[in-house]
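> Chain A is already provided as a structure; the job is to place chains B and C on it using the hints.
Residue numbers (this note's numbering), protein chains in the order written: chain A, 1 to 334; chain B, 1 to 353; chain C, 1 to 258.
Check before you lean on any hint, since a few could be wrong.
[Stated by the list, open to error] If we take Cβ atoms under 10 Å as the criterion, some of the chain A residues that face chain B in the derived model are:
#, residue
1, S30
2, R37
3, A140
4, I258
5, L272
[As the list claims (entries may be wrong)] Straight-line distance between alpha carbons at most 25 Å, and here's what the computed SDA-like set of lysine to any residue pairs gives:
#, chain 1, residue 1, chain 2, residue 2
6, A, K87, B, L200
7, C, K65, C, F257
8, B, K79, C, L112
9, C, K144, A, K87
10, C, K16, C, R30
[Stated by the list, open to error] A short list of chain A residues far from chain C (calculated; beta carbon distances all over 10 Å):
#, residue
11, V59
12, P85
13, R125
14, A139
15, V155
16, V207
17, L220
18, L222
19, A233
20, K273
Honestly, the hints are just simulated from the structure, not real lab data. Glycine residues also receive a C-beta, built at the ideal position from the N, C-alpha and C atoms.
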Amino acid sequence: MDDDERRDTIGTGHVAPRRSASSLAVGRSSRGDVIFRQLARGSGILLLLIIIAIAAFLVSKAVPAIAKDKSNFLTFTGWDPDGNPPKFGIAPLAAGTLITSALALIMGVPVAVGVALFISHYAPRRMAQLLGAMVDLLAAVPSIVYGLFGLIYLVPAMAKFQGLLHKYFGFIPIFSSTGFYTKSLLVAGVVLAIMILPIVAAISREVFLQTPREHVEAALALGATKWEVMRTAVIPYGRPGIISATVLGFGRALGETIAVALVLPITFKVTLKILDIQGNSIAAEIAVYYGDAGKVGRGALIAAGLVLFAMTLLVNLIARAIVARRRDFRAAAA
Amino acid sequence: MTTSAGIAPSPLRSQPLRGNRLPAWSFFAVAVAVFAVTAGAFAVTKLSGTVDYFVLAVAAYVVIQSAVAWAVEGRRHAKDRFATLLVGVAFLVALVPLVGIVGYTIHRGLTRFDVTFLTHSMRNVAEQDPNGGAYHAIIGTVEQVAIATIIAVPFGVFVAIYLVEYSRGKFGQLVSFIVDVMTGLPSIVAGLFIYALWILDLHQGYSGLAGSLALVILMLPTIVRTSEEMLKLVPDSLREGSYALGVPKWRTIVRVVLPTALPGVVTGVMLAIARVFGETAPVLLVIGTSASINYNPFSGSQGSLPVFIYNEAQQANATAITRAWAGALTLIAIVMLLNIVARFIARFARVRG
Amino acid sequence: MAKRIDVSGLNVFYSKFLAVQDVSIAIEPRTVTALIGPSGCGKSTFLRTLNRMHEVIPRARVEGKVMLDGEDIYAADVDPVNVRRTIGMVFQKPNPFPTMSIYDNVVAGLRLQRRWKEAELDTIVERSLRSANLWAEVEDRLGKPGAGLSGGQQQRLCIARAIAVEPQVLLMDEPCSALDPISTLAIEDLIGELKERYTIVIVTHNMQQAARVSDRTGFFNLAGVGQPGRLIEYDDTERIFTNPNEKKTEEYITGRFG
Chain A
1 MDDDERRDTI GTGHVAPRRS ASSLAVGRSS RGDVIFRQLA RGSGILLLLI IIAIAAFLVS
61 KAVPAIAKDK SNFLTFTGWD PDGNPPKFGI APLAAGTLIT SALALIMGVP VAVGVALFIS
121 HYAPRRMAQL LGAMVDLLAA VPSIVYGLFG LIYLVPAMAK FQGLLHKYFG FIPIFSSTGF
181 YTKSLLVAGV VLAIMILPIV AAISREVFLQ TPREHVEAAL ALGATKWEVM RTAVIPYGRP
241 GIISATVLGF GRALGETIAV ALVLPITFKV TLKILDIQGN SIAAEIAVYY GDAGKVGRGA
301 LIAAGLVLFA MTLLVNLIAR AIVARRRDFR AAAA
Chain B
1 MTTSAGIAPS PLRSQPLRGN RLPAWSFFAV AVAVFAVTAG AFAVTKLSGT VDYFVLAVAA
61 YVVIQSAVAW AVEGRRHAKD RFATLLVGVA FLVALVPLVG IVGYTIHRGL TRFDVTFLTH
121 SMRNVAEQDP NGGAYHAIIG TVEQVAIATI IAVPFGVFVA IYLVEYSRGK FGQLVSFIVD
181 VMTGLPSIVA GLFIYALWIL DLHQGYSGLA GSLALVILML PTIVRTSEEM LKLVPDSLRE
241 GSYALGVPKW RTIVRVVLPT ALPGVVTGVM LAIARVFGET APVLLVIGTS ASINYNPFSG
301 SQGSLPVFIY NEAQQANATA ITRAWAGALT LIAIVMLLNI VARFIARFAR VRG
Chain C
1 MAKRIDVSGL NVFYSKFLAV QDVSIAIEPR TVTALIGPSG CGKSTFLRTL NRMHEVIPRA
61 RVEGKVMLDG EDIYAADVDP VNVRRTIGMV FQKPNPFPTM SIYDNVVAGL RLQRRWKEAE
121 LDTIVERSLR SANLWAEVED RLGKPGAGLS GGQQQRLCIA RAIAVEPQVL LMDEPCSALD
181 PISTLAIEDL IGELKERYTI VIVTHNMQQA ARVSDRTGFF NLAGVGQPGR LIEYDDTERI
241 FTNPNEKKTE EYITGRFG
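Pulled out of the complex, with its shape left as it was, chain A reads as follows (with noise of 0.2 Å):
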């Protein structure tokens, strides 16, 4: 009996009838049981084997091609791990992977609880299920879609806004430009908002729903109007959902290939000026790399793809830590 079994036998409350399965039954079905348990155990040490498996390939062919790297893989500015001498830099990779998905966050975030505050609360019931649930379907909108969608329409499209932002606000650094517009920082992180925010929109409208009836209740009785209700009570009871909705959006942002590098112009330059024509992220230098990619040149893209890795680790182990000390304040509260 390994250390599962006693721990679910304890724990289940299922002893007497499995004890009386084991010892009453022939032995084909006690030899039944240990198959069957091994089989689900089996796959969860495969699953953790994967998952080792995943990070232990992706070091040890990114290891040998950052030895090569002569230049800083952290600092460095091209991409020419091919070239003689190798020289590449995760750098502008990383920048440009960090300021579009943030992007994504300022303009998607604020609107995703809208929408959530809206299809939970405001919106007549009949008509929120029905949004609700168009909501969710556009989540299922494939992310090839948007980018094809983003390079088509959107960078056309934006160029007028994106003078206009220029116009208006040139006077704050990010904001100024060479005065063409097409691709750029600010384009993908449009095209990233609209991507996340039905997920955000989706958990967030969950943990606005089971905001318990007595909570608003007693915001009401105390004379707070409807805005006020969400204040004191939906908003702050439903923080942590619409923290691990954040977190969990910007995951995606972060590891989102296909569409931003559609809209990218993949560039190598570190810069916050996100009108520029200029920029880049580390799934769509792989994605579009790839294919011109020699020995050297794969080795560096596994690097970039572990730095995503570790990126994307981090922010969902941050999320996790988040949740679980709020779920922590609120059980001891409960």
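For chains B and C alone, kept in the frame of chain A given last:
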């Protein structure tokens, strides 16, 4: 008044019950006025463009309506009105691009969404040629997703069974954590992994199967999580009833627990299928490039519908772009159909449970 | 401060369903009025019409008049937000805001009104918690989550929160039904003290409680299955429990049904 703490009476003023409220018609009136004035401004000044008009008019309406509310109803009600308007505007702002993308795809996609497109490959078709289709790509994606499903479903369901029925210990928590990590795994990293392992190290060459393997990694967390949720919903009384009849645990799981949870599990599987059907990045790296029909997923480069769209989208030819839109329409149609069926099953399951 | 309530000809609806029919009742200031009756007789529904909480349920509405010191709270130009601030409410299940500290819970209603100085709030928090007989128990942990208290303490915290905004009337919807006997006793003592300053209307399932805390008692009953609830009898508590006019009241009091 008396206060038990013996403190001076509070500074709270007694408020009247009455309060000025805006009548319903006033909102309509303000809206009409604002939209009319904005239209006037567009006619007289250099302002132009439908999108610009609506953006400016809506923004002006939110501000002016809130100001009117402030003047008539006071600060708190003005804030309330402002918040209500913002929430409504947020919904519109979200709906426009989301519905717009689907609508635009249908609009552009219908041009080439025809029999030729669905039954022909791109073999010997140049980018500027008006014919050609996505048959090879559709076949590829269907086969890749089918193989991935065949591998991922039993695997994922067993992991879920382990988590719900067997594990209570540290290892169970670890597996659960791994599932979370996998959920957040960027799809391109899954592709890179198969690329590094299957193609670079095991020298297996590009194939549909390699794509399937990458998709398995992406399907697993969805299947595990939804199956886990569904298994948890199966009441313990059902399990206990079965144990009480002397049925061994594994048979109880197979005969009682799984059938009860089945509709939910099927829903999860369908959602996982819908998700990976549109995945571009992971298959892009490992299936190679093929413009021809290859029915054999185990050998040789194969097409893929998302990759087809990606490649066509990057061409400079209008005909290629049109093919990309037709592909996108095909993809959206399939994915939406899968989602709707999945939700239908979920509803059916809820009624039964 | 406390005000009188005069209800006349009140009909309460959920959509088209008439839940409570033709209630007329006069509630004196600085008294405790208990509403008793079997489950589903509409006493809680009626209570929620007194501070316009009934109408937050979609398509719920009322007909008739509820006068607060001569002012109809259902008049067209009355703001329900003001009504609910003036007429406080304590619910069946203690419902402190789970994300707020004890201190923040008490001042939650005040912070809606306007900005306050720290010192003002400190004063009100102490006064409210003292009035709710909770100050001694929580004095040293005002910053802790309000939901960390015991059920009885949470309910007194909710009472403190309700009286912090200095309402004229306090409505209590079975405030002790989720509490143990000792906490119940504490709340009942508190009600006795609060009636010095507030008009209190309490719905209770517990007839001993009604007898203990109230000056006047109203008995609600259903006319029949699917029929609306009605106010059968309303009189001094002593009279209701010793010598009621209506046969139904007597049957209910003596435990023959309900």
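> Take the hints in turn and mark each one as holding or not.
Hint by hint, here is what the structure shows:
1. S30: This hint holds: S30 (chain A) lies near chain B, its Cβ roughly 7 Å from the closest one there, short of 10 Å.
2. R37: R37 (chain A) check passes; min Cβ-Cβ to chain B is 6 Å, inside 10 Å.
3. A140: Status holds, d = 5 Å.
4. I258: 4 Å, holds
5. L272: 23 Å, violated
6. A:K87 with B:L200: 22 Å, holds
7. C:K65 with C:F257: Answer violated: K65 (chain C) to F257 (chain C) is near 31 Å, above 25 Å.
8. B:K79 with C:L112: 11 Å, holds
9. C:K144 with A:K87: Violated - the C-alpha atoms of K87 (chain A) and K144 (chain C) are around 56 Å apart, more than 25 Å.
10. C:K16 with C:R30: 36 Å, violated
11. V59: Its Cβ never comes within 10 Å of chain C, the nearest being 42 Å, so this holds.
12. P85: 57 Å, holds
13. R125: It is violated; R125 (chain A) is separated from chain C by about 7 Å at its closest Cβ, not greater than 10 Å.
14. A139: 28 Å, holds
15. V155: With a cut-off of 10 Å, V155 (chain A) remains clear of chain C, as the shortest Cβ separation is near 43 Å.
16. V207: Since the minimum Cβ distance to chain C is about 12 Å, V207 (chain A) lies beyond 10 Å and the statement holds.
17. L220: 6 Å, violated
18. L222: Check fails; 4 Å does not lie beyond 10 Å.
19. A233: 6 Å, violated
20. K273: 40 Å, holds
Consistency note: the structure conflicts with the earlier hints numbered 5, 7, 9, 10, 13, 17, 18 and 19.
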